[in-house]
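Protein chains in written order, with numbering that gives the first Met the number 0: chain A, 0 to 552; chain B, 0 to 381; chain C, 0 to 194.
Since the hints were derived computationally from the structure, they do not count as laboratory data. Where hints are given, some of them may not hold.
If you want the footprint, here are the derived chain A segments under chain B, 3+ residues with CB under 8 Å [what the hints assert, rightly or not]:
(1) 358 to 364
(2) 398 to 405
(3) 422 to 432
(4) 441 to 448
Straight-line distance between alpha carbons at most 16 Å, and here's what the computed EDC-like set of lysine to aspartate or glutamate pairs gives [unchecked claim]:
(5) C:K84 with C:E100
(6) A:K75 with A:D153
(7) B:K66 with A:E391
(8) C:K84 with A:D421
(9) A:K486 with C:D134
(10) C:K84 with A:E462
The following residues of chain A were derived to be distant from chain B, with all beta-carbon distances above 10 Å [said to hold, decoys possible]:
(11) I44
(12) Q74
(13) D83
(14) S229
(15) Q239
(16) E242
(17) D348
(18) A388
(19) D487
From the three backbone atoms N, C-alpha and C, an ideal C-beta is built for every residue, glycine too.
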Amino acid sequence: MSVYRQLATRLLGHDSLFVRRTFGGIHPPAFKQHSLRSRIMDTPIPAQLHIPLNTTQRESLSMLVAIGERVRKYQKLAEVSLGDDHGTSLPVHAPTSGVMRALALAPVADHESSEQLCLTLEADGRDEAIALRPEANAAIERLSGAEIQVRIRDAGILGMGGAGFPTAVKIESGNGFGVELLIINCAECEPYISADEALIRERAEHVVAGAELLRRACSARRLVIAIEDSKNDAIAALRQALESETVLETRCELIVIPAKYPAGSERQLIECLTGVEVPSAEYPTGSGILVQNCGTAHASYEAVVLGRPCISRITTLCGEALLTPKNFEVLLGSSIDFLFGLCGLKQADLSRSVLGGSLMGRELASTESVVCKTTNCLIAAGRGELPAAPAEQACIRCGFCADVCPARLLPQQLLAHCKTGDSIELIEHGLLDCIECGACDYICPSHIPLVSAFKDSKLSIDERQRDRQRSKYWQNRFQFRQYRIKKDKEQSLASRAEARKSSLEPIEQAASEAAADGAGGFSKEQASREIAAAVARVKARRGASSSDKDESK
Amino acid sequence: MIRSATGAPFQHSGNNISSLMLSVAFALLPGIFVSTWFFGFGILINIAVALVFALVAEALVLLLRRKDIAPQLSDGSALLSALLFAIAVPPGSPWWLLAIGIVFAIVVAKHLYGGLGQNPFNPAMCGYAMLLLAYPLEMTGWHVPSEAILGPLAVDGLGVPSAEPAREILNPLSLGAFKQSLLLAFPFAASNPSELGEFIDGLALATPLIEFKMAGQSALLAARESGNSLFARDSETAWELVNIAYLLGGLYLLFKRIISWHIPVAIIATVLGLSALFYSPGGAAVYGTPYLHLFGSATMIGAFFIATDPVSAATTRSGKIYYGIIIGVAIYSIRVWGSYLDSIAFAVLFGNFCAPLLDHYCRPRIFGHPTRTTTNREPAEP
Amino acid sequence: MLPLISFWPVQLALVAVFCYAITLFIRKIVLVALQQLRTQRSLVTRINNVLPQTQCGQCGHPGCLPYARAISSGEASNKCPPGGKETLFELARLLNEPIRELDPAHGTFKAFSVAVIREEECIGCTKCIQACPVDAILGGPKRMHTVIESECTGCDLCVEPCPVDCIDMVAPTAVPEHAILDSRSVSVQKSGART
Numbered sequence: 000m001s002v003y004r005q006l007a008t009r010l011l012g013h014d015s016l017f018v019r020r021t022f023g024g025i026h027p028p029a030f031k032q033h034s035l036r037s038r039i040m041d042t043p044i045p046a047q048l049h050i051p052l053n054t055t056q057r058e059s060l061s062m063l064v065a066i067g068e069r070v071r072k073y074q075k076l077a078e079v080s081l082g083d084d085h086g087t088s089l090p091v092h093a094p095t096s097g098v099m100r101a102l103a104l105a106p107v108a109d110h111e112s113s114e115q116l117c118l119t120l121e122a123d124g125r126d127e128a129i130a131l132r133p134e135a136n137a138a139i140e141r142l143s144g145a146e147i148q149v150r151i152r153d154a155g156i157l158g159m160g161g162a163g164f165p166t167a168v169k170i171e172s173g174n175g176f177g178v179e180l181l182i183i184n185c186a187e188c189e190p191y192i193s194a195d196e197a198l199i200r201e202r203a204e205h206v207v208a209g210a211e212l213l214r215r216a217c218s219a220r221r222l223v224i225a226i227e228d229s230k231n232d233a234i235a236a237l238r239q240a241l242e243s244e245t246v247l248e249t250r251c252e253l254i255v256i257p258a259k260y261p262a263g264s265e266r267q268l269i270e271c272l273t274g275v276e277v278p279s280a281e282y283p284t285g286s287g288i289l290v291q292n293c294g295t296a297h298a299s300y301e302a303v304v305l306g307r308p309c310i311s312r313i314t315t316l317c318g319e320a321l322l323t324p325k326n327f328e329v330l331l332g333s334s335i336d337f338l339f340g341l342c343g344l345k346q347a348d349l350s351r352s353v354l355g356g357s358l359m360g361r362e363l364a365s366t367e368s369v370v371c372k373t374t375n376c377l378i379a380a381g382r383g384e385l386p387a388a389p390a391e392q393a394c395i396r397c398g399f400c401a402d403v404c405p406a407r408l409l410p411q412q413l414l415a416h417c418k419t420g421d422s423i424e425l426i427e428h429g430l431l432d433c434i435e436c437g438a439c440d441y442i443c444p445s446h447i448p449l450v451s452a453f454k455d456s457k458l459s460i461d462e463r464q465r466d467r468q469r470s471k472y473w474q475n476r477f478q479f480r481q482y483r484i485k486k487d488k489e490q491s492l493a494s495r496a497e498a499r500k501s502s503l504e505p506i507e508q509a510a511s512e513a514a515a516d517g518a519g520g521f522s523k524e525q526a527s528r529e530i531a532a533a534v535a536r537v538k539a540r541r542g543a544s545s546s547d548k549d550e551s552k
Numbered sequence: 000m001i002r003s004a005t006g007a008p009f010q011h012s013g014n015n016i017s018s019l020m021l022s023v024a025f026a027l028l029p030g031i032f033v034s035t036w037f038f039g040f041g042i043l044i045n046i047a048v049a050l051v052f053a054l055v056a057e058a059l060v061l062l063l064r065r066k067d068i069a070p071q072l073s074d075g076s077a078l079l080s081a082l083l084f085a086i087a088v089p090p091g092s093p094w095w096l097l098a099i100g101i102v103f104a105i106v107v108a109k110h111l112y113g114g115l116g117q118n119p120f121n122p123a124m125c126g127y128a129m130l131l132l133a134y135p136l137e138m139t140g141w142h143v144p145s146e147a148i149l150g151p152l153a154v155d156g157l158g159v160p161s162a163e164p165a166r167e168i169l170n171p172l173s174l175g176a177f178k179q180s181l182l183l184a185f186p187f188a189a190s191n192p193s194e195l196g197e198f199i200d201g202l203a204l205a206t207p208l209i210e211f212k213m214a215g216q217s218a219l220l221a222a223r224e225s226g227n228s229l230f231a232r233d234s235e236t237a238w239e240l241v242n243i244a245y246l247l248g249g250l251y252l253l254f255k256r257i258i259s260w261h262i263p264v265a266i267i268a269t270v271l272g273l274s275a276l277f278y279s280p281g282g283a284a285v286y287g288t289p290y291l292h293l294f295g296s297a298t299m300i301g302a303f304f305i306a307t308d309p310v311s312a313a314t315t316r317s318g319k320i321y322y323g324i325i326i327g328v329a330i331y332s333i334r335v336w337g338s339y340l341d342s343i344a345f346a347v348l349f350g351n352f353c354a355p356l357l358d359h360y361c362r363p364r365i366f367g368h369p370t371r372t373t374t375n376r377e378p379a380e381p
Numbered sequence: 000m001l002p003l004i005s006f007w008p009v010q011l012a013l014v015a016v017f018c019y020a021i022t023l024f025i026r027k028i029v030l031v032a033l034q035q036l037r038t039q040r041s042l043v044t045r046i047n048n049v050l051p052q053t054q055c056g057q058c059g060h061p062g063c064l065p066y067a068r069a070i071s072s073g074e075a076s077n078k079c080p081p082g083g084k085e086t087l088f089e090l091a092r093l094l095n096e097p098i099r100e101l102d103p104a105h106g107t108f109k110a111f112s113v114a115v116i117r118e119e120e121c122i123g124c125t126k127c128i129q130a131c132p133v134d135a136i137l138g139g140p141k142r143m144h145t146v147i148e149s150e151c152t153g154c155d156l157c158v159e160p161c162p163v164d165c166i167d168m169v170a171p172t173a174v175p176e177h178a179i180l181d182s183r184s185v186s187v188q189k190s191g192a193r194t
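Let the hints inform the model, and build the full structure from the sequences given.
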């Protein structure tokens, strides 16, 4: 297919959007069937919610409610500023009604940070909500892109795929470049995670409507939904939704990509669909492409059409230590203990709890962590599931790692340079392009912890960059000091010359006067008179300055 | 020390080194079986002796290096080196030849460079090359196919060998031949010198590159046409069948994705191309047909098993192709214009010399980078 | 029948391929060399950019630039303790030399520390102010002196001139702004990996 199609594309201008085979990738067993056996369930309201605020610094918060105040569901609690140049901020809303109890740091199940400031909400169980303002269909059709963006921002929507980047900001950055293509990423390629698949299976129409809204928000010409070929139910639901088009008029294409890990990684997905390789140091918006997760699309639908801010998300709860793994619609701020309890946790069997999938996930230190907007999956691993890695052996240079790397790197050479700490070679071999997907680690017969080594080296390189910046700063200060000393010296020389000149002037004047007076002839009395006058002047000046000194003391 | 070990990923494919090595050893079995069928137990005795000495040598070296013995011995790399070495060394070699060679290979060529994964040269080929240089006579006594082991000298009643020694040609798989092979390997076990049998030393060749005899014809096809059994011991199909068996083993490895196609295809294509270029049927200088070069010698085992040893080969895809080409050129030129009889060992070692350079210059284009970055010695500046 | 190689088209083709391969190889080398010549700064500048710029003098030279000059004239590059292992490594790589251990005669690797003046004992002599190479000490004659911690490089040149020995080198308390680790800054690619 590919070669002829590519030729046809170039020669006849046919559609450039088709599925290409991307390099590398692995096919791990997916383990998704258990959590997909049942439909998405709502959780009961927990007694306490610790709502994460996505920051650790109080200065970036502007609280809209006080401690002890009663709040209702969907009420805006705070605005968290993102600290960028535009002063953008992200609002946080109450997932249920209750009383605000505290604001403190708490462990959060986030991919990047382990602790965030959280607002503790003691739920009263009544779930009283403020009135939402849904939009009528006709009104939605008339909404402009900017208005949609505002509603998305006001609902506090972030990238639900795990990256957590504020959606409104992403769309806005795209506006600057001009987005041609919006891709909705439904390719949930990592094992264990089935949240997106469950969402699409049951709410495909809302996802499609949300996708269309996002398309209008970023003014993209084309809208594509990409999904893996292993998700048959979801594909059928999407096809049906695209045909029925109940909510909005959409111009959307569905493309089914071959299931492979990591097909859902943003850059690899773009390469698979369009053949464009986003340049290394740039973002996809620079190439006119925007990628959004389907959970984000669904949340956008809820925000614009139903007027509902982002207070919950679909999270997969799975693992052998749970009696009934399933997908839940989880309120933000619910603790993991509570969620595991809902699924029937077999405490004795629990070996570890992991946030995310089995390949890129993070082990959670405690099950007291709470759910945030990016918590896509929680694995309660049973005995023998997700075991600890066996002892590391020497690299046998088999090259399997290079065969699976989606970024076409050479993990073998990267490892060798990580061990010597050669950051120049590391950068040349493309360490900064590593997406940390873990495919090389998965396939390595020597069980070498490659991803950890690369992460470590990235931290070292970062530290070294900062050291160099600091040294540059010191060099500037040193050079300025040398310049200052030189200037000071020049200035003091100049002022001394000035002073000497001003003290010599009267003498010269007198000499010139005397010369003008006396017709030539040097008389002794005149000379001694003038000398005495000069001495007297010097004495007078000395006396004046010493009296000045006495005064200043 | 890894500072940021998050533990991810938590899932693993289940690959491990020992299963890889055992798969490769398994792939060698067809070739070994066919070899034994035609040439007797010599090869098996070689393997046994080499294995024992390899494992003992590795254990001792690991002890000296103060490393854990059990995990390293069980990873199968010594096993594989011993197998390849034993297959390369002619059957009927004395035990001490094998011992010296394999101990050199394991201790010097592998462990003195750092152990598993660190050796720049293929250990089995290092051992073989060392033996070839140090004991040229013992190493070039290969046997001619379709003939077998000569039994012991006939002696008269007083134990004196007769003037005209009549020796029995033994069926390679008979018990008598087995005893003779053992005696050849362990000459000190012979009660009197006349007991020692030998292989028929028809032409002194390392492998029967009998271009003169075959002169461009496939013995297999000849056997087909004449209606003889392909597997008859006195046919001349032996070496071709051995090579086909190794080819099958190599294809199995390709199918299981244990090796990639780049090195074998490059070697075979280069040898094929060069021999096609220089072959002249009936010409004055006899270079041998392409078929001969591929199937009448050790090219198949060299291409699939010896050159693909991952530790000493080039690692990148395009590097592997150049590596294969270099080895192919070396194989052909040493074989045809050099004074050594078969050239796989030296060709592979020559390729090993070039592998680091190839690794450095033949890197694939990284995703998102416009072209391959040229090597730039400038340190990264703020 | 003659072998293929004896026909002149075949020979010509082989020679052409061979020449083309050699040309590619030479072209690559020439391009790399030209690129390096174009973008190269002087050796002294490059060495100086690797040195930590503390101007502490532990290498025996009165500053980092004089030491950089000395290195480019052949002096050993393993005399800089504040630079840490990274500087040793990068200098060795820059000069194409084997990596050596830090010369013990010039000090040992120590954790980063900053100077602190014990204000009760300070007599306001300005000797430390004159010694500080980055003007990190605030003060004037007969006025209280104090070290601005965020600007201090830890070179400890101020310790010796102090006549009352009131300066200590301690671990820094605040992390300077330009050194705060932001987890998002580690790799652009990380955010692209989420499904």
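Checked hints:
1. 358 to 364: Our answer is that it holds, as 5 residues pass the Cβ test (under 8 Å) against chain B, meeting three.
2. 398 to 405: holds (count 5)
3. 422 to 432: holds (count 7)
4. 441 to 448: Satisfied; 7 residues make the cut.
5. C:K84 with C:E100: Since the Cα atoms of K84 of chain C and E100 of chain C sit roughly 9 Å apart, the hinted pair holds (cutoff 16 Å).
6. A:K75 with A:D153: holds, 9 Å
7. B:K66 with A:E391: holds, 14 Å
8. C:K84 with A:D421: holds, 11 Å
9. A:K486 with C:D134: With a Cα-Cα distance of about 15 Å, the restraint between K486 of chain A and D134 of chain C holds, given a limit of 16 Å.
10. C:K84 with A:E462: holds, 13 Å
11. I44: holds, 32 Å
12. Q74: holds, 36 Å
13. D83: holds, 23 Å
14. S229: holds, 17 Å
15. Q239: holds, 33 Å
16. E242: holds, 36 Å
17. D348: holds, 16 Å
18. A388: violated, 7 Å
19. D487: At roughly 30 Å from the nearest Cβ of chain B, D487 of chain A sits farther out than 10 Å, so the non-interface label holds.
In this structure, only the earlier hint numbered 18 is contradicted, and the remaining ones agree with it.
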